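Participant: If you want the building blocks of each chain, they are given just below.
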Amino acid sequence: MIAVEEPLHRALGLTDDEYERIVATLGREPNRNELAMYGVMWSEHCSYKSSRVYLRTLPTEGSAVLVGPGQDAGVVDVGDGLAVAFKMESHSHPSAIEPYQGAATGIGGIVRDIISMGARPIALLDPLYFGSLTQHRNRWLLEGVVAGIGGYGNCIGVPTVGGEIRFAEPHSLNPTINVMCVGIAPRERLVTSSSRQVHEGSIIVLFGASTGRDGIGGVSVLASRTLEEGSEESRPSVQIGDPFAGKLLIEASLELAERDLLEGLQDLGGAGLTCATSESASRAGMGAEIDLDAVPLRADDLEVFEILTSESQERMLAIVEPSKVDEVLDVCAKWGLATAVLGTMVPGDGLRITMGGTVVAEVPARSLADEGPVYDRAVAAPEGLAALHDDDPTFATVTVDPREAFLAVLGSPNVASMRTVWEQYDSLVQGGTVLGPGGDAALVRIEGTVKALALSTDAKGRFGHLDPYLGAAHAVAEAARNVAMTGARPVAITNCLNFGNPERPEVMWQFAESIRGMADACRALGTPVTGGNVSFYNESGDSAIWPTPTIGMLGLLQDHRLAVRMAFSAGRSLYLLGETFPELGGSEFAEVALGKVSGRPPDLDLAREAALHGLIAEAAGADLLSSAHDCGDGGLAVTLAESAIAGGTGFAISLPGDVPWYVTLFSESASRAVVSVTTEDAAALEALAVDHGVPFARIGETGGPRLVFDTLFEVDLADATELSEGAIPRLLAG
Amino acid sequence: MREHPRVGVVTFPGSLDDRDALRAVGAMGGVGVPLWHAERELRDVDAVILPGGFSYGDYLRCGAIARFAPIMEEVVRFAAAGRPVVGICNGFQILCEAGMLPGALIRNRSLRFICRVVDVRVETSLTPLTEGLTAGDVLQIPVKHGEGQFIASGEDLARIEGDGLVAFRYCAPDGTIDDAHNVNGAANAIAGVRSDAGNVVGLMPHPEHAVDPDVGPTGGQPLIASLLSRALARV
Chain V
1 MIAVEEPLHR
11 ALGLTDDEYE
21 RIVATLGREP
31 NRNELAMYGV
41 MWSEHCSYKS
51 SRVYLRTLPT
61 EGSAVLVGPG
71 QDAGVVDVGD
81 GLAVAFKMES
91 HSHPSAIEPY
101 QGAATGIGGI
111 VRDIISMGAR
121 PIALLDPLYF
131 GSLTQHRNRW
141 LLEGVVAGIG
151 GYGNCIGVPT
161 VGGEIRFAEP
171 HSLNPTINVM
181 CVGIAPRERL
191 VTSSSRQVHE
201 GSIIVLFGAS
211 TGRDGIGGVS
221 VLASRTLEEG
231 SEESRPSVQI
241 GDPFAGKLLI
251 EASLELAERD
261 LLEGLQDLGG
271 AGLTCATSES
281 ASRAGMGAEI
291 DLDAVPLRAD
301 DLEVFEILTS
311 ESQERMLAIV
321 EPSKVDEVLD
331 VCAKWGLATA
341 VLGTMVPGDG
351 LRITMGGTVV
361 AEVPARSLAD
371 EGPVYDRAVA
381 APEGLAALHD
391 DDPTFATVTV
401 DPREAFLAVL
411 GSPNVASMRT
421 VWEQYDSLVQ
431 GGTVLGPGGD
441 AALVRIEGTV
451 KALALSTDAK
461 GRFGHLDPYL
471 GAAHAVAEAA
481 RNVAMTGARP
491 VAITNCLNFG
501 NPERPEVMWQ
511 FAESIRGMAD
521 ACRALGTPVT
531 GGNVSFYNES
541 GDSAIWPTPT
551 IGMLGLLQDH
561 RLAVRMAFSA
571 GRSLYLLGET
581 FPELGGSEFA
591 EVALGKVSGR
601 PPDLDLAREA
611 ALHGLIAEAA
621 GADLLSSAHD
631 CGDGGLAVTL
641 AESAIAGGTG
651 FAISLPGDVP
661 WYVTLFSESA
671 SRAVVSVTTE
681 DAAALEALAV
691 DHGVPFARIG
701 ETGGPRLVFD
711 TLFEVDLADA
721 TELSEGAIPR
731 LLAG
Chain C
1 MREHPRVGVV
11 TFPGSLDDRD
21 ALRAVGAMGG
31 VGVPLWHAER
41 ELRDVDAVIL
51 PGGFSYGDYL
61 RCGAIARFAP
71 IMEEVVRFAA
81 AGRPVVGICN
91 GFQILCEAGM
101 LPGALIRNRS
111 LRFICRVVDV
121 RVETSLTPLT
131 EGLTAGDVLQ
141 IPVKHGEGQF
151 IASGEDLARI
161 EGDGLVAFRY
171 CAPDGTIDDA
181 HNVNGAANAI
191 AGVRSDAGNV
201 VGLMPHPEHA
211 VDPDVGPTGG
221 QPLIASLLSR
231 ALARV
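Taken in order, these protein sequences are the chains called V and C.
Under this note's numbering, the residue at position 704 of the first sequence is numbered 704, and the numbers go up by one with no gaps.
Under this note's numbering, the residue at position 212 of the second sequence is numbered 212, and the numbers go up by one with no gaps.
Source of the hints: derived by calculation from the structure; they are not laboratory data.
Small disclaimer: the values here were computed from a predicted structure and weren't measured.
Just to be clear, a hint being listed does not mean it is correct.
Unchecked claim - Here are a few chain C residues that face chain V, going by a calculated C-beta distance under 7 Å:
1) 23
2) 40
3) 57
4) 68
5) 115
6) 144
7) 215
Unchecked claim - Chain C side only, calculated, beta carbon under 7 Å to chain V, not exhaustive:
8) 13
9) 14
10) 16
11) 20
12) 54
13) 112
14) 113
15) 114
16) 116
17) 142
18) 209
All residues carry an ideal CB built from backbone N, CA and C; glycine is no exception.
Construct the complete structure from the given sequences, taking the supplied hints into account.
Facilitator: In structure tokens:
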């Protein structure tokens, strides 16, 4: 709603200072169209103005990195002449208002980021964070988001192979919806700014859907402000997806890349045509002349600023050498896509927009795309953290019954099986899914090789709430551990950084700490950051989400035939790798059984973490492991139960007498995993563990129809399975 | 006689499992031949597969637009000549819309998309997919669809059952038919049907996703193998 008395720039999300800066850049007052263009490009969502000073501190280089942050997606070399592009984004704000379309267009947008690099999308992962399912609205949000992801993802033929769902009250008003896409291409087919030369006089072609009045101001009105009461009125700022057009866009874009017809390719997402043209020009170090008369419109009364900022979905912008334009138009016609020759790349850096023969906007492209404001905002640790740390559940008096506690943790929504959700996603299309949703990491075969990509997404909400540095570091460590459990080596990450309002010093402190934790963990584990996305303003009133830096980890398994699974087989020896400390701060047990989200998160020794990954990789390569599963939410007890349920076989373990049962079973100490081996391989595993300096303990054996925890308690496997798989459906039924 | 049968796989705009069907045919020893919806050329194939996906975005109704594609005239002629035509998932929907198979497919009973490995019981060996199999055989094959609930009017259903046109049913691992294993609520747990002549068959499960043990179950192997041998036998 634009109030009459409010200056236009403020209604567009620009501050008075930013307005003055635009005037200084142009040497004159901007017109209404230009102001709209700056409004979207200098929004938090597009300009990263609050996060840039911190993002610069992340490690971004590594021997495998071909394209780091700054382009549509990061790209790494996976050998055999192949490159993998991957990227994660948020679509939280639109999903909070219209869950189906918000999530669906999130999928469409991230997929277009991957095809912009010339890569074929081969996998999707969806980490989602909601408030409690005991509330009707949260169930509506989850059902809508899941249906939207399926509705789009299932229709474009890209398998959804993983992700996670977690629940915490701060996400009630602000669900956090992240989507990750992974694509693959022969290295020489990549369309990146370093691999392709854009020439003066090259032609700018828009192809795909027509442009309508949807998603106007999506990045500025929706994604760069907090959601308040009555935010349903922002519904017109939510885009509408057309997955069929999205599928045609994939095939047409890849055919253009395969036939070597492109100098540049960019998707139209946030900030629409303004973003795509200014970034393309700025990246090429050129200017561009654009004629809006050529843009196919859904309604002929669209105003100029609407055409320039519309976020209508399923559109791409190609930069093409003049002699190849006809061929480009033919390929698009074959796929039934509309095309429009919009303009030309020109010397200089001016972005000149005309309509009806009149210049309607003329600004330096760089000033939109790369010279937005940068803020080093105030930081301050939130009050009350010390009190939270002091109330450490590790030292609480535990009176709860062990068996009851186990059942409560196993059936908790954060731990229970999400089968009912991931069965709504096509995880099989393309025929490469070696391991689908529900395990530590997904494994997707690389066609034409025996290699596979290992993929995991992780965030540690409670840990981050209690200590954002450790929360982010644990998220990286757990994502790497998940990938390592399959036998793969972690390679690189992408991320989606979900936070509250950056104008509040407490939020900015959480952000700064999270970046520091992520940087330290990525350096220690050798997994550079190849890009990502920042989503601020995830708060309503004074209730912000917990700091939620979501990590998307890419790993590489050299031979998928040696992939390790989490499922138990009967008659194997069970080993706990790593060391368990009395660390219940921020644990699932503390929240579910003690009602506490407090204390300090577990320590993280990154050298121990790396040693564990090295041990698993070597043991897997030697085909020693019958199963491997990391210890995460819910600790050792949940790890064992999940492997038992997956394999349809029980286990019996012994418990150390000198440690409280709740520490052994539910502590969430880092850098641990449960593996099983045949009796013959036990000695070899132990020798390897010694070599790698990883502490180990033989804790029991697999087999039988029950989960036996020494003499403390036991549970029938069938009951545990029903509890785990039935918990979410029961909650969704209301 | 050819050594390797040529199996055409039609790509409509919005087809998704076309590459998977081609790969499965190749893996089982056949030659996969890509066919394009806008052409009228079957390129001398010995059998045709209409693959899964969302042809034309499944706008109007699943398969309702695809049946008017130029290549469908050729497919109809090919089928009329008694040659094998297989519709998988969206391809099954297209064959029903085109009147080449009886019945129709509507939204799953759960109203949700379902991706799951299910058990499927072979009901007849009189289809190109099941010639090498025996009625009662149980195969593990994945389904992945939102609109796979087979229905037919009472009269049609009686005829489908009476004439032995049911090709596959959803079942328990031991072959028992019960409601708990009827994954989408299909009438009489029907997962696939055949034409009166028997050379056209459609099914919701995806045999092309069940041939490679590295990525799933192998219940599709005997079905693809049967199709290849039937395709060869025609010359």
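Participant: Verify the interface restraint on residue 115 of chain C: the C-beta must sit less than 7 Å from at least one C-beta of chain V.
Facilitator: holds (5 Å)
Participant: Is the shortest C-beta separation between residue 68 of chain C and chain V less than 7 Å?
Facilitator: violated (14 Å)
Participant: Per the CB criterion, is residue 142 of chain C less than 7 Å away from chain V?
Facilitator: holds (6 Å)
Participant: Tell me if the interface restraint on residue 116 of chain C is satisfied: Cβ within less than 7 Å of some Cβ in chain V.
Facilitator: holds (5 Å)
Participant: Taking the least C-beta to C-beta distance, is residue 113 of chain C closer than 7 Å to chain V?
Facilitator: holds (5 Å)
Participant: With 7 Å as the cut and Cβ atoms as the points, is residue 40 of chain C at the interface with chain V?
Facilitator: violated (16 Å)
Participant: The hint names residue 13 of chain C as touching chain V; please verify it with the least Cβ-Cβ distance against 7 Å.
Facilitator: Cβ of residue 13 of chain C sits 6 Å from chain V, so the hint holds.
Participant: Taking the least C-beta to C-beta distance, is residue 112 of chain C closer than 7 Å to chain V?
Facilitator: With a closest approach of 5 Å, the residue 112 of chain C hint holds.
Participant: Can you verify the interface hint for residue 215 of chain C: is its Cβ closer than 7 Å to any Cβ in chain V?
Facilitator: This interface hint holds because 6 Å falls under the 7 Å limit.
Participant: Tell me if the interface restraint on residue 209 of chain C is satisfied: Cβ within less than 7 Å of some Cβ in chain V.
Facilitator: Status holds, d = 5 Å.
Participant: Quick one, is the residue 23 of chain C hint okay against chain V at 7 Å, beta carbons?
Facilitator: At 6 Å from the nearest chain V Cβ, residue 23 of chain C passes the 7 Å test, so the hint holds.
Participant: How about residue 114 of chain C: closest beta carbon in chain V under 7 Å, or not?
Facilitator: Since chain V brings a Cβ to about 6 Å from residue 114 of chain C, closer than 7 Å, the hint holds.
Going through the hint list in order, the structure does not satisfy hints 2, 4.
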